[in-house]
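Listed here are the chains, written in short residue letters.
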Amino acid sequence: MGGDVDRAEEAVQDAYAVALDRWPRDGVPSTPAAWILTTAKRRAIDRLRREAALRERQALLARELEEAVRDLPGEDDEMIPDERLGLVFACCHPALALEAQVPLTLRLVGGLTVPEIARALLLPEPTVAQRLVRAKKKVRLSGIPLAEPEPDALPGRLGAVLAVLYLVFNEGYAATAGDALVRDDLAAEAIRLARIVHELLPAEPEPAGLLALMLLHQARRPARVSDAGELVLLSEQDRGRWDRAAIASALPLVDAALTLRHPPGPYALQAAIAAVHARAPRPQDTDWHEIALLYRELVRVLPSPVVALNRAVAVSMAAGPTAGPTAGLALIDQLVARGELDDYHLLHAARADLLRRTGRDADAAAAYERALALATNEPERRFLAARLEECRG
Amino acid sequence: MRYMLLIYGDESGWGNLSEADQQAEMAKWFAYTEEMQKAGVSTQGEALQPTATATTVRDNGGEPLVTDGPFAETKEQLGGYYLLDVADLDEAIKWAHKCPGAKYGKIELRPIQEFPDPS
Chain A
1 MGGDVDRAEE
11 AVQDAYAVAL
21 DRWPRDGVPS
31 TPAAWILTTA
41 KRRAIDRLRR
51 EAALRERQAL
61 LARELEEAVR
71 DLPGEDDEMI
81 PDERLGLVFA
91 CCHPALALEA
101 QVPLTLRLVG
111 GLTVPEIARA
121 LLLPEPTVAQ
131 RLVRAKKKVR
141 LSGIPLAEPE
151 PDALPGRLGA
161 VLAVLYLVFN
171 EGYAATAGDA
181 LVRDDLAAEA
191 IRLARIVHEL
201 LPAEPEPAGL
211 LALMLLHQAR
221 RPARVSDAGE
231 LVLLSEQDRG
241 RWDRAAIASA
251 LPLVDAALTL
261 RHPPGPYALQ
271 AAIAAVHARA
281 PRPQDTDWHE
291 IALLYRELVR
301 VLPSPVVALN
311 RAVAVSMAAG
321 PTAGPTAGLA
331 LIDQLVARGE
341 LDDYHLLHAA
351 RADLLRRTGR
361 DADAAAAYER
371 ALALATNEPE
381 RRFLAARLEE
391 CRG
Chain B
1 MRYMLLIYGD
11 ESGWGNLSEA
21 DQQAEMAKWF
31 AYTEEMQKAG
41 VSTQGEALQP
51 TATATTVRDN
61 GGEPLVTDGP
71 FAETKEQLGG
81 YYLLDVADLD
91 EAIKWAHKCP
101 GAKYGKIELR
111 PIQEFPDPS
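Keeping their order, the protein sequence lines are chains A and B.
For the record, in the first sequence the residue sitting at position 293 is 293 according to my numbering, with numbers rising by one throughout.
For the record, in the second sequence the residue sitting at position 41 is 41 according to my numbering, with numbers rising by one throughout.
These are computed hints drawn from the structure, not numbers from a lab.
By construction, the Cβ of each residue, glycine as well, lies at the ideal position given by its N, Cα and C atoms.
There could be a bad hint or two in this list.
[What the hints assert, rightly or not] Here are the computed lysine-lysine pairs in the DSSO-like style, where the Cα-Cα straight-line distance is at most 30 Å: (1) Lys137(A) x Lys98(B); (2) Lys136(A) x Lys38(B); (3) Lys75(B) x Lys103(B); (4) Lys94(B) x Lys38(B).
[Stated by the list, open to error] Pairwise CB distance ranges, derived in the manner of DEER restraints: (5) Gly339(A) x Ser12(B): 42 to 48 Å; (6) Thr43(B) x Thr259(A): 50 to 56 Å; (7) Val299(A) x Leu48(B): 49 to 55 Å; (8) Thr43(B) x His262(A): 46 to 52 Å; (9) Gln49(B) x Thr259(A): 56 to 62 Å.
Start from the sequences and build out the full structure, keeping to the hints where you can.
If you want it as structure tokens, here you go:
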């Protein structure tokens, strides 16, 4: 295979996908490892042949003719160029409950482990394991095909697909356990797949919104972790390190997402919030009022406690009679009173920060302790520990 | 893969239709059945008489316990079935969606449990 590691990995992934499809029906072969390798090799060769043939065709045809051919249905034309994306759409089959689609896609396509999925979905591990077992059983027994949907079914599958891609991105952006704050491979994969979805469905606002959101987050990545591996807060990041090209590519997508449909959807709004940050040359230039307004809209279309938490933080950063740390703290305490997010380390971290800013150091220390007990990501833990020391000292 | 295609609907709706409408509806069912047979996907299917004609039987200490009516009173009742033999669930869904019963009721698709041939 010419030492092309990426190709080899893809081919093995393909082989696993085929195995998942065939083995439940045909039975597990007597030497599964050998089957996987043989299948992987075969599929790698097929893929190389297809790519060579495709390059040849493109070279021969004029540009206009090329586009005309692409618009006609053909037997060899695949609607979705990336087979893994086809698997994503298949895992989001409507015959599966949504609560099953998301973990199944994360497992089969994202390659996440059960603990990683549990962390991402804020669910207990046994629950995730159970949903995976049930989902695979449903796929196998009810004959759900692991294949791309018909073109007219694509838009309908979209919501679940976008949710899954965003989860994969977040898992890559801030790894749940271990020393690396970011895992490039997952985040880049999520962006790549989101871009394909957007290009396939350009009239849909939310794929554009999601792609913009991911690009804007990714643009800040070079500044997010210090050379020593420490977490750097948005307010302290060296904005000179931000990827301006990525930001520039994202901003038109934000505009498209906000205007293609009214009212704007959740990804469009989240991307708009990220764009406000991206446009601020310095932290003190951030239009927190605008962000707080966008979060207020977002809470309406996406009424989740995490969004409410983020809104509280935005309010705490804005100026004015109904804003500032005390106002933000009041919003967070509403969440606490409802018992929301008690196991979410960022709730306690945010609360600790606001307590610190309002001079309540003892309460802040207690909240930092709680956050530290729940955080699993090393750079985040070091950051929280340092803040805790400041409050005590 | 084989599926039972189970047709559920509010059977009281039938009585509310005019005779002309009933005939039109029956024509749709015949056309649907014929289309499935031509496509080779259905080997069997029947309409059932209404649940008022049902009889429920269970064993009560060795004696049959016989009662009038369906096993349970439900808002929508089983009105008929087809036995499908298709490639996968997506194909079964296509045929279920074409079923006239899908317009005013619900179609349940249930995969058949295949047992290994004892021979």
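Right, here's what the structure says about each hint:
Between Lys137(A) and Lys98(B) the alpha-carbon distance is near 27 Å, which keeps this suggested pair within the 30 Å criterion. For the hint pairing Lys136(A) with Lys38(B), the CA-to-CA distance comes to about 33 Å; that exceeds 30 Å, so the pair is violated. Our distance criterion of 30 Å between C-alpha atoms is met by Lys75(B) and Lys103(B), whose separation comes to about 16 Å. At roughly 15 Å between alpha-carbon atoms, Lys94(B) and Lys38(B) fall within 30 Å of each other, so this suggested pair holds.
One distance hint, 42 to 48 Å for the beta-carbon pair Gly339(A) and Ser12(B), holds here, with the actual separation near 46 Å. The supplied range of 50 to 56 Å is met by Thr43(B) and Thr259(A), whose beta-carbon atoms lie about 53 Å from each other. Distance hint for Val299(A) and Leu48(B): a CB-CB separation of about 50 Å, consistent with the stated range 49 to 55 Å. Against the hinted window of 46 to 52 Å, the Cβ-Cβ separation of Thr43(B) and His262(A) comes to about 51 Å, which satisfies the hint.
Evaluation of the 56 to 62 Å hint for Gln49(B) and Thr259(A) yields a pass: the beta carbon distance comes to about 57 Å.
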